[in-house]
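One line per chain: the protein sequences are A and B, in this order.
Numbers in the working numbering are just positions in the first sequence, counted from 1, shifted up by 63.
Numbers in the working numbering are just positions in the second sequence, counted from 1, shifted up by 1183.
It should be emphasised that the hints constitute simulated quantities derived from the structure, not laboratory data.
Quick caveat: nothing in here was measured; it's all calculated off a predicted structure.
Certain hints may be false.
What the hints assert, rightly or not - Every beta carbon over 10 Å from chain A, so not counted as near; a handful from chain B, in silico:
(1) T1185
(2) I1193
(3) F1197
(4) P1204
(5) E1205
(6) I1212
(7) K1216
(8) K1226
(9) Q1236
(10) S1237
(11) R1249
(12) Y1251
(13) N1257
(14) V1259
(15) Y1286
(16) S1320
Unchecked claim - Simulated crosslink set (DSS-like; lysine-lysine; CA at most 25 Å straight-line):
(17) K1216/B to K476/A
(18) K234/A to K472/A
(19) K1217/B to K476/A
(20) K94/A to K476/A
(21) K1313/B to K478/A
(22) K478/A to K1310/B
(23) K1226/B to K472/A
(24) K235/A to K216/A
For each residue, glycine too, the CB sits at the ideal point set by N, CA and C.
If you want the building blocks of each chain, they are given just below.
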Amino acid sequence: MIPGVSIREVNISKPFDVEAIRQDFPILHQKVNGYPLVYFDNAATSQKPNLVIDAISNYYKLYNSNIHRGLHYMSEKATEAYEAAREKSRAFLNASSTNEINFTKGTTEGINLVASSYGRKFLQPGDEVIISTMEHHSNIVPWQMVCDERGAKLRIIPIDDDGNLLLDEYKKLLNNRTKIVSVVYVSNALGTVNPVKDIITLAHEAGAVVMLDGAQATPHMAVDVQELDCDFLALSSHKIFGPTGMGILYGKERLLEQMNPYQGGGEMIKTVTFEKTTYNELPYKFEAGTPDISGGIAMGVAIDYINSVGYNKIAQHEHDLLVYGTEVLSQIEGLRIIGQAKEKASVISFLVDGIHPYDMGVLLDKQGIAIRTGHHCCQPLMDRFAIPGTCRASFAFYNTTAEIDKLVKGIEKVKTMLL
Amino acid sequence: MTINEIQDQIVEEFSIFDDWPEERDQYIIDIGKKLPALDERYKTEDNIVKGCQSTVWLHASEIDGRVYFEADSNTVITKGIIGLLVRVLSGQKPSDILNADLYLIDKINLRSFIGSQRSSGLQMMLKQIKLYAVGFSQQAKQA
Ligand SMILES: Cc1ncc(COP(=O)(O)O)c(C=O)c1O
């Protein structure tokens, strides 16, 4: 058996038992500032199960080798494990071929790759790229850069006060100059789940391609790229319980074929002479240099782990956490939830009257509760709400309602300290 | 009082919190709450100290060879920390401010309070304080 290629079927039919799941995550069982850790910063990065941690250490202990080049035993083994992770990633997103699965450093690199390799090639002066008000900076800046370079225009889909995208406004923005629509599937700052299926259908009718920022969708729900019919989708391994430094860019093969490589170097070539280089086939064309081998293998194990828990159970548990959290937090006097979209993932952004998010974050940390404060890399979104930032509690399937109770107590305590 | 005398005094004050970290936090918060608000006319773009997650305004003036600092922040904890620094450094001679060894920060464990991301904000503020001291000592030399 190849280490790191494993366990898809294990405990597939077990009922959801959050305490048992927590046992898989060693980091959760520690005290911070004298209190048992409550980790509610999952939208920033998720924690890793033992299987993922072990996959990394096993790789280095047992078969560390460069891939796709050696023909010795360990290199074969590493290549096999790495490519098995590609197949797992394909199945994870239901892509039709592993040629459509490009390994990247993460969502940011995936978006940059498309902006650079697709945008540069296909955007003409006067063309338009549509994004939304609630984008992460990583889905704003790459488009600004390529639009500047190509003389194209960036158009922004507005949102309402609850954090819903305004689909009618989106329809008005679409026209025959629209070449690319790039939107976040699930907002990291508000939790909004956007109606991406409609967004994609409408874009295709207008002749545009659609990129989805899947960074915050994939931790919470099954994503089927064929069903959605998106053209590109980027995600980060570290948000789906895998290691940092790794990610997936899905792209339709037909489009990837037309694009130029993103970076040049080893791995991505077929033949090199000083006169001319021919590029390697997909997916290697976009993977210059030695990749994060252990990261890829361990991301595959994270995917196995998610499958073993099951997205339906994850979604149910997180929905319960969201409903419970929204209810009990709303009861805190002076607390206002930012982002009350109809469809939400388990993310609650909030502000408490008279308390700066920074003070809230520091003082909750003193009680062992990790949340995120600030603009969440969404400055234009914060401007839309005319706020400098929020406090954000983001839940994963290993969180519990008892932890939410601690958050509520923690906030009450911060209020007594500050007000 | 000299800079070190004030630092020692603060360290002494904080020693009662050795076993009560929460009380210490509350103490810093209370300093922040009591810190007089900076006059709006000093809350200028020029007086903003960059690098903090929270906004800090620092205003300095010189009277009879001594530098006086007034500072403010939009967050209470930061105000508490700058309140302590102002207490130590305000009213001192530029040369003393420049040469000050602020052992207070480690002795009362302010760094634990402010974290690495935010202590870089603190570093920026200290740098700004020293820059003012340099500015005023040069003015003094030219006069
Ligand atoms: C919605 C969204 N998009 C993109 C990113 C960027 O992901 P990464 O930093 O892993 O590239 C994040 C991460 O914070 C995110 O939440």
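For each hint, the structure was consulted:
no.	hint	result
1	T1185	holds (31 Å)
2	I1193	holds (20 Å)
3	F1197	holds (16 Å)
4	P1204	violated (8 Å)
5	E1205	violated (7 Å)
6	I1212	violated (6 Å)
7	K1216	violated (8 Å)
8	K1226	holds (15 Å)
9	Q1236	violated (6 Å)
10	S1237	violated (5 Å)
11	R1249	holds (32 Å)
12	Y1251	holds (26 Å)
13	N1257	violated (6 Å)
14	V1259	violated (5 Å)
15	Y1286	holds (23 Å)
16	S1320	holds (34 Å)
17	K1216/B to K476/A	holds (17 Å)
18	K234/A to K472/A	violated (44 Å)
19	K1217/B to K476/A	holds (20 Å)
20	K94/A to K476/A	holds (19 Å)
21	K1313/B to K478/A	violated (35 Å)
22	K478/A to K1310/B	violated (32 Å)
23	K1226/B to K472/A	violated (35 Å)
24	K235/A to K216/A	holds (15 Å)
The structure is inconsistent with the numbered hints 4, 5, 6, 7, 9, 10, 13, 14, 18, 21, 22, 23, although it conforms to all the rest.
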